[in-house]
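Chemist: With the sequences and hints as input, model every part of the structure.
Each chain, letter by letter, is given below.
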Amino acid sequence: MNTENAMTNAKQFASDVIIGLEIHVQLNTKTKLFCGCSTQGSEEPNTRTCDVCLGFPGSKPVLNKAALDAGLRLALALGCTISPKLIFSRKSYFYPDLAKNYQISQHELPLGAGGKLALNDGTLVHITRAHLEEDPASLIHQGSAGQGYVLIDYNRSGNPLCEIVTAPDMRGAEQAREFLNRLVSVLEYLEIFDLGSCIIKADANVSIAESGYIRAEIKNITGFKEIERALTFEVERQKLAVQRGERLVQETRGWDPAAGVTSALRLKETEADYGYILDPDLVSVDITNNMVKDAQANLPELPAAKTKRFVEQYQVKFEDAMILAAERSLAHLFETVAKKFDSSFAVRWLRHELSAVLNAKQTTWSAAGLDERLLLELFELVQSRTVTDLTARDLLQKLFERPFSPKEYVAKHKLASISDRGELEKIAKKIVDENPQAAEDVKSGESKALNFLIGKVMHQTKGKADAGVARQLIMKILER
Amino acid sequence: MSVAEFVKGVHDGQIDVVEHIHRTLEECKIINKEYGYLNLISEESAIAQAKLVSKKRKGAKGALAGLPVSIKDSICVKGVESTAGSAMLKGYIPPFDAGCVSRLRQAGAIIVGKTAQDEFGFGSFSTNTGIGFTAPKNPFDRLRSCGGSSGGAAGLAQKLSVPHVALGESTGGSIVNPASFCGVVGLCPTYGRVSRYGLIDYGSSLDKVGPIGKTVADVALALKVIAGFDEKESTTATVPVEDYPSFVKKDVAGLRVGILKESFGEGTDSAVEKSVWGAIKQLESAGVDCREISLKIPIEYGIPTYYIIAPSEASTNLAKLCGLRYGAEEKIEGDFNTYFSEVRSRAFGKEAKRRIMLGTFTRMAGYRDAYYVKATKVRRLIIDEYKNVFKKCDAVISPTVSILPPRFDEIKNLTPAQNYLIDALTVSPNLAGLPHLNMPVGKHNGLPIGAMLTTDHFKEGVLVQLGAALE
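Protein sequence lines, in the order shown, are assigned to chains A and P. Heads up: the first sequence begins at 1 in our numbering, then just goes up one per residue. Heads up: the second sequence begins at 481 in our numbering, then just goes up one per residue.
For the record, the hints were derived by calculation from the structure and aren't laboratory data. Treat the hints with care, as some may be off.
Pairs of lysine to aspartate or glutamate residues, derived as DMTMM-like cross-links and limited to a Cα-Cα distance of at most 25 Å, are as follows [as the list claims (entries may be wrong)]:
1. Lys811/P / Glu372/A
2. Lys65/A / Glu822/P
3. Lys412/A / Glu440/A
Sample of chain A residues lacking proximity to chain P, with all beta carbon distances greater than 12 Å (derived) [said to hold, decoys possible]:
4. Asp69
5. Thr363
6. Lys430
Note that the Cβ used here is the ideal one computed from N, Cα and C, for glycine as well.
Modeler: Here it is as structure tokens:
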């Protein structure tokens, strides 16, 4: 990039760091994009293949309409304008993971263009294009670099991908992560992406003001966390390089997750020229106004709209609403609990307690696969004060280890809270008597000592005591 | 004996299919020694198939029961080496039948072998053979070309004495051109009429499979069998298939045929002109209204348009051939780039390399708009001009090729550009996806001359009707 361009760019961008993403999302159709092979099933290499996805001479691709439907829903959910025709092109380059040495992709006319996704702080990330293409095979590198060889597994070859290209609208790795979160949330709502088994991949353009926005493209970063790591590293690398007085160059870099660094890739000049032609083996498919209208009408309420509604309808804090709405099934659960009990109860137990358990287990509500009824049963026990919060928290954890009926479990293990005030008072009296020093300290106003005594009561009752009641009783005993 | 008579004989049990196929295979071997029409004779599978038909099993009641058919080498036959005439695909045994082949099988036809061609269809004389392949020879003069690229198909159709239909494939004239040079009937159908599933691609937006045979009735019957929608091939049409054989006896009186003005005069052999005019007179005497028409853009821009679009597509179609998974291979040394470059350098013939380079250039960034994109626009103009003509005419007539079959030593001296000009009259109907037919209309010095009839999309019936009037 020359100085003049750098100046124009400097004027154009208001931010220090500029990030644009090119994301590949694997759509969860049953079969591949252009053949009848299954996208899921045997992991034995090269078993889910046919003449089409192996690129045998004579084979011909036939479009999987389910992939078009999924892509259409996604493009609409991102607010894109839909192209009136679906046209595929051949993107030619020689690489061993490409069965035909060209990839069937979209070039001239992407399925969707001109969309946007809003971030928390109001930043709009513009979606330049969203298009369909086929996944290449996977390469399995064997042996050491330079000495090794590569095995090719075509099971993945031909899986449907939707490529989403953003404008360089993100101002840092954190915003990029937030964007990805938002995107995955939309994908999950549309039920076109399987967070467990489908993979998200990205190429990222990163540049900083200090260099005059000289862009590095980081290729092929796999997975959510890696994308943020790579971006964080790259921004730092560029800043340090400029500080050291180095001149950045426009280049393509690779991300090494093991080493946690990006490094320049040596690329031949010709590799940038894909020699696009329309794929003459496929016919253009009309995307009629009716198809678009139908797809639009069948879109679910999306996370952003749901967040807004939760705030208005349930008087939930925006941050809480956002987290509850981020996952479709969690949002559904929230509404169920809010209606059955009340919204602050729902926020407390879902946004805080449930989220804590799920986070600790690094899973999500839908992925954990717990029967909603068991959770509601537990909440009833809490609501009716049959169990204390402490017991309930413990049961919540246990539910995700092995599901059970909370009601039966509480009965079997005698976990019901001690509702008999007389019995609890006896226990409190005993604790106070056994801890005279602490009792004295409480009298002289030390809250630590009071908490100590309450803790002793809770311990003695195995958490079945209501902490508030225990406090009242201890104070009453000491006042006497 | 016509194909229809033969099939009736099989249906009636008067023809012993197994005995007949043995005889046919023997004849194929004898012809092949002298003329080289077949890259491979599939003796074992032919006999096995014949036994099935004779035991009243698969295809015994079919429309082509027991009929020996040959298949151009670029069309996949399950379990039979299918190379498209290229060393690159030596050893490629497709695990599936092409759409047209499975329809032939279902109709009871028996596949006797794979016919010789220009490598991947890249030629008009069948002389651009792959490494290790030999050029088939003209059935009337072995020092001359039998045309191309479906040269083996047309030669065998002429030479084989028993009833037989050959399946050819045309991208820019590869059915009618060899049919003309071999004095047989070749019908190239509308693009999308016959499934391309299983056809080893040359230019996918241009490739069409069609029958070559001795009579219009023979090819009409074969076309009826192979035509129709195929769910495995996106570009096949759902337009209903007509009963083409029934058009053979239809009166042509009142049909309007346009005489293509630009196809006569300078550059056209006078003997060719004379024979084609003879055919026109024959049509007129049968009551056809013949009048001169002009196709300026198709004639002027057909060749450059074709030689941009076809190589552009071919260069991507051939990219998959890199020495992995099937066909030619090398000892693996060096990286992927070194490896595939070595395989491709060794196993592709000269013309294949030329068209790959040409096609890669015409779609390169910086040249793409000037060549590939522009050519696709000109193609649209060519289609429009034909469509206009068909508002006034039912068909267009011209010579198929403007010269008589040349000698091999003459062909050697042609530059690539002169070579490409041989297709001047055939590329435009191919670019427009229009059905066209070669009819033998005379001879000069013992060499056959052909006239080409072209009709509007999906009017193969009219082609059959007019063709039969010229027999």
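Chemist: Hints first: check each against the structure and report whether it holds.
Modeler: Okay, the hints, checked on the actual structure:
1. Lys811/P / Glu372/A: violated, 60 Å
2. Lys65/A / Glu822/P: With a Cα-Cα distance of about 39 Å, the restraint between Lys65/A and Glu822/P is violated, given a limit of 25 Å.
3. Lys412/A / Glu440/A: Violated, at roughly 39 Å.
4. Asp69: Holds, since 17 Å exceeds 12 Å.
5. Thr363: holds, 40 Å
6. Lys430: Its Cβ never comes within 12 Å of chain P, the nearest being 79 Å, so this holds.
Hint check: violations occur at hints 1, 2, 3; the rest are consistent with the structure.
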